[in-house]
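Chain U is fixed; fit chain W onto it per the hints.
Here's the letter readout for the chains.
Number of protein chains: 2
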Amino acid sequence: MPSKESKTTPESVGIVSPSYFTVEETITLASQQTLDGYTIAYETYGTLNENKSNALLICHALSGNHHVAGRHTPNDAKPGWWDNFVGPGKPIDTDKFFVVCSNNLGGCHGSTGPNTVNLKTSLPYGPEFPIVTVEDWVNSQARLADHLGIEQWAAVVGGSIGGMQVLQWSIAYPDRLRNAVMIASAPKISAQNIAFNEVARQAIMRDPGFNGGHFYSSKDYPKQGLTLARMLGHITYLSDDVMRLKFGRELREGKLNFDFSAEFQVESYLRYQGETFSEHFDANTYLLMTKALDYFDPAAAHNHDLSLALQHIKAKFLLVSFTSDWRFSPERSEEVVDALLKTNKAVSYAKIDAPQGHDSFLLDIPRYKNLLKAFLQQVKV
Amino acid sequence: MPSKESKTTPESVGIVSPSYFTVEETITLASQQTLDGYTIAYETYGTLNENKSNALLICHALSGNHHVAGRHTPNDAKPGWWDNFVGPGKPIDTDKFFVVCSNNLGGCHGSTGPNTVNLKTSLPYGPEFPIVTVEDWVNSQARLADHLGIEQWAAVVGGSIGGMQVLQWSIAYPDRLRNAVMIASAPKISAQNIAFNEVARQAIMRDPGFNGGHFYSSKDYPKQGLTLARMLGHITYLSDDVMRLKFGRELREGKLNFDFSAEFQVESYLRYQGETFSEHFDANTYLLMTKALDYFDPAAAHNHDLSLALQHIKAKFLLVSFTSDWRFSPERSEEVVDALLKTNKAVSYAKIDAPQGHDSFLLDIPRYKNLLKAFLQQVKV
Numbered sequence: 001m002p003s004k005e006s007k008t009t010p011e012s013v014g015i016v017s018p019s020y021f022t023v024e025e026t027i028t029l030a031s032q033q034t035l036d037g038y039t040i041a042y043e044t045y046g047t048l049n050e051n052k053s054n055a056l057l058i059c060h061a062l063s064g065n066h067h068v069a070g071r072h073t074p075n076d077a078k079p080g081w082w083d084n085f086v087g088p089g090k091p092i093d094t095d096k097f098f099v100v101c102s103n104n105l106g107g108c109h110g111s112t113g114p115n116t117v118n119l120k121t122s123l124p125y126g127p128e129f130p131i132v133t134v135e136d137w138v139n140s141q142a143r144l145a146d147h148l149g150i151e152q153w154a155a156v157v158g159g160s161i162g163g164m165q166v167l168q169w170s171i172a173y174p175d176r177l178r179n180a181v182m183i184a185s186a187p188k189i190s191a192q193n194i195a196f197n198e199v200a201r202q203a204i205m206r207d208p209g210f211n212g213g214h215f216y217s218s219k220d221y222p223k224q225g226l227t228l229a230r231m232l233g234h235i236t237y238l239s240d241d242v243m244r245l246k247f248g249r250e251l252r253e254g255k256l257n258f259d260f261s262a263e264f265q266v267e268s269y270l271r272y273q274g275e276t277f278s279e280h281f282d283a284n285t286y287l288l289m290t291k292a293l294d295y296f297d298p299a300a301a302h303n304h305d306l307s308l309a310l311q312h313i314k315a316k317f318l319l320v321s322f323t324s325d326w327r328f329s330p331e332r333s334e335e336v337v338d339a340l341l342k343t344n345k346a347v348s349y350a351k352i353d354a355p356q357g358h359d360s361f362l363l364d365i366p367r368y369k370n371l372l373k374a375f376l377q378q379v380k381v
Numbered sequence: 001m002p003s004k005e006s007k008t009t010p011e012s013v014g015i016v017s018p019s020y021f022t023v024e025e026t027i028t029l030a031s032q033q034t035l036d037g038y039t040i041a042y043e044t045y046g047t048l049n050e051n052k053s054n055a056l057l058i059c060h061a062l063s064g065n066h067h068v069a070g071r072h073t074p075n076d077a078k079p080g081w082w083d084n085f086v087g088p089g090k091p092i093d094t095d096k097f098f099v100v101c102s103n104n105l106g107g108c109h110g111s112t113g114p115n116t117v118n119l120k121t122s123l124p125y126g127p128e129f130p131i132v133t134v135e136d137w138v139n140s141q142a143r144l145a146d147h148l149g150i151e152q153w154a155a156v157v158g159g160s161i162g163g164m165q166v167l168q169w170s171i172a173y174p175d176r177l178r179n180a181v182m183i184a185s186a187p188k189i190s191a192q193n194i195a196f197n198e199v200a201r202q203a204i205m206r207d208p209g210f211n212g213g214h215f216y217s218s219k220d221y222p223k224q225g226l227t228l229a230r231m232l233g234h235i236t237y238l239s240d241d242v243m244r245l246k247f248g249r250e251l252r253e254g255k256l257n258f259d260f261s262a263e264f265q266v267e268s269y270l271r272y273q274g275e276t277f278s279e280h281f282d283a284n285t286y287l288l289m290t291k292a293l294d295y296f297d298p299a300a301a302h303n304h305d306l307s308l309a310l311q312h313i314k315a316k317f318l319l320v321s322f323t324s325d326w327r328f329s330p331e332r333s334e335e336v337v338d339a340l341l342k343t344n345k346a347v348s349y350a351k352i353d354a355p356q357g358h359d360s361f362l363l364d365i366p367r368y369k370n371l372l373k374a375f376l377q378q379v380k381v
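Chains as they are written, first to last, in our numbering: chain U, 1 to 381; chain W, 1 to 381.
So that you can see chain U by itself, here it is in the shape it has in the complex:
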């Protein structure tokens, strides 16, 4: 919640703190494995109105978490991951909406996951943590909604695998959301995407520091594997064009060294991104998140007919894609648009011309930002 400091920067939600919500009973997951309860870390911004009609859920992507906006301390180097979109007067306007975001189950930033202690064994779950799916995440978010007294979300919003959660919300709980905003996402990922995920997983699992996922009591951990996984991921989040614009073939020292140092700018950029990430993300969580991505395919239970999977949806949809996004290409969003239209659902769609690739969904692209703002302004609360 905003504290006094936030008043000095009116466009920010200010200083925020996470909250925690615990489910005590045993939960059966999509895999049919069970969890003896769990805790979900979440943040909220803005104020829930009296009739609880202004709640907006943000679903985070693969490496995101519940810290969407604001800062945890006044000296925080960085605000939350979508601070440019969430705050007073911003597209996701905290003067209007009560914004909620939770760390996905299996995550590594406060929710129960591989790096938290299993009360049964008094040890971190590690590789014993069960596979979680987009369905499981949405179910846990529904329990959080119950806990917060939110019967129906004004909107559920997410990009990438966050967008898959938006779609799953609209399928599994058609009465519990009025609007759905699915950005740079897909109704299922392609074989190429699974292949990239598999290389990332193998990089982690083949790192001797991984030790079968048991690395929490060791000094070693799969730092190299996680670095490689993130370097690879990062390439797929950017377009070829934006890499050309950003790095071209520029040399760090202006000349070839004829050795294996990071000679080209793009090499040092990737190494830095990978290594930084490897220092604050859990390798077991990374594995789980990529699996959830691979598995999501709501049409599979409907003879691969997506429009059948979407037939009971009631939410009004906005889909957004980006021209240069080759990880979740516009065609993937358009499959959802077509399936929604086929069953006469309310859907708006915008393909935004942007060179930044998949990462576009996080960026200050005016047409995209204005579109999201306009869509959410017309949401009645």
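I should point out that these hints are in silico values taken from the structure, not numbers from a laboratory.
There could be a bad hint or two in this list.
Stated by the list, open to error - Label-pair distances were calculated between CB atoms; the ranges are:
id: 1; chain 1: U; residue 1: Leu-251; chain 2: W; residue 2: Leu-48; range: 39 to 49 Å
id: 2; chain 1: W; residue 1: Asp-95; chain 2: U; residue 2: Gly-248; range: 38 to 48 Å
id: 3; chain 1: U; residue 1: Asp-146; chain 2: W; residue 2: Asp-220; range: 49 to 59 Å
id: 4; chain 1: W; residue 1: Asp-220; chain 2: U; residue 2: Thr-28; range: 37 to 47 Å
id: 5; chain 1: U; residue 1: Asp-364; chain 2: W; residue 2: Lys-219; range: 34 to 44 Å
id: 6; chain 1: W; residue 1: Arg-244; chain 2: U; residue 2: His-312; range: 21 to 31 Å
id: 7; chain 1: W; residue 1: Glu-275; chain 2: U; residue 2: Gly-89; range: 53 to 63 Å
id: 8; chain 1: U; residue 1: Asn-303; chain 2: W; residue 2: Glu-279; range: 36 to 46 Å
id: 9; chain 1: W; residue 1: Leu-123; chain 2: U; residue 2: Ser-261; range: 17 to 27 Å
id: 10; chain 1: W; residue 1: Ala-374; chain 2: U; residue 2: Tyr-272; range: 42 to 52 Å
id: 11; chain 1: U; residue 1: Val-117; chain 2: W; residue 2: Arg-252; range: 29 to 39 Å
Backbone N, C-alpha and C fix where the C-beta goes; we use that ideal spot for every residue, glycine too.
Coordinates of chain W only, in the frame set by chain U:
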């Protein structure tokens, strides 16, 4: 050279053996580092005619070698890597041409490279082997041509980084080739390509088995890193479309296992490809080949004006690209076409509609094969 056995399969060059050519003097490389002589492994098919006008050089790609066609023994499981294109009556017709291909300097299949012994130290070169470039390869191929008494190639042909060698031949030795066939290639690689190469290199160099490149006397070697590098490479050689056609989201056991086994067909395919490769390719060579790819940029010395770099070319060019090749996209070939046209060179260009991605250049795609055949049929010898 074909032996008797070849007569039983008239469309094959039959049983072949590599030859070796040694340069004894000290050579200065593009890096200004030196090599105290080197040996080049090569194969030839067909017969050099009396006036030595029918010689055709094939330049191999990153993981290729000099064994282009035929088999080394009657029981060889597989023929050379381009056996479908090279042989009597095939597009590269050994009834007409005397075909030569050499293993690139720094390679791991018979030419001097990291896994061969440095006579100075009596140990394998390992990481002490100098960085080699496309220019160095072409220079060594020119020495081989001298050795074979070939003053001028009827044609120089290559795909991918082999195509870069074709371009370099036409720039460095304009009088020594009459025709140049550059397939699925580029005048330089993009930042995205460098980025993929860098992830592959880091996968190898961060593998504890790499040991700074000194692994020849150890039981261990960077098997995991090389596996990852190849898995990643493989994704970029295929198109998203062909992966969808080939694997879709098919499950190996028809159901989700909710674990980290290879559940999707594409996962087991990639693991198999990566692991097989890691058993017969040298990690230090892989590093060298990717560096040669990164460095090639003949326009750099001409103020980044490619047409200036190509101004003295005399060869007649054929360029071929494939619509679904995103590693070396048609636009990259078209940069060469445009630069050649700008300086009034003879150039033909075909963009072949094929879903198979970069790998297309190795495949039996009729329009492509017929095109290559027709172009080489009109070559006068």
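Evaluation of the provided hints:
no.: 1; hint: U:Leu-251 - W:Leu-48: 39 to 49 Å; verdict: holds (43 Å)
no.: 2; hint: W:Asp-95 - U:Gly-248: 38 to 48 Å; verdict: holds (47 Å)
no.: 3; hint: U:Asp-146 - W:Asp-220: 49 to 59 Å; verdict: holds (54 Å)
no.: 4; hint: W:Asp-220 - U:Thr-28: 37 to 47 Å; verdict: holds (44 Å)
no.: 5; hint: U:Asp-364 - W:Lys-219: 34 to 44 Å; verdict: violated (53 Å)
no.: 6; hint: W:Arg-244 - U:His-312: 21 to 31 Å; verdict: holds (28 Å)
no.: 7; hint: W:Glu-275 - U:Gly-89: 53 to 63 Å; verdict: holds (55 Å)
no.: 8; hint: U:Asn-303 - W:Glu-279: 36 to 46 Å; verdict: holds (42 Å)
no.: 9; hint: W:Leu-123 - U:Ser-261: 17 to 27 Å; verdict: holds (24 Å)
no.: 10; hint: W:Ala-374 - U:Tyr-272: 42 to 52 Å; verdict: holds (50 Å)
no.: 11; hint: U:Val-117 - W:Arg-252: 29 to 39 Å; verdict: holds (34 Å)
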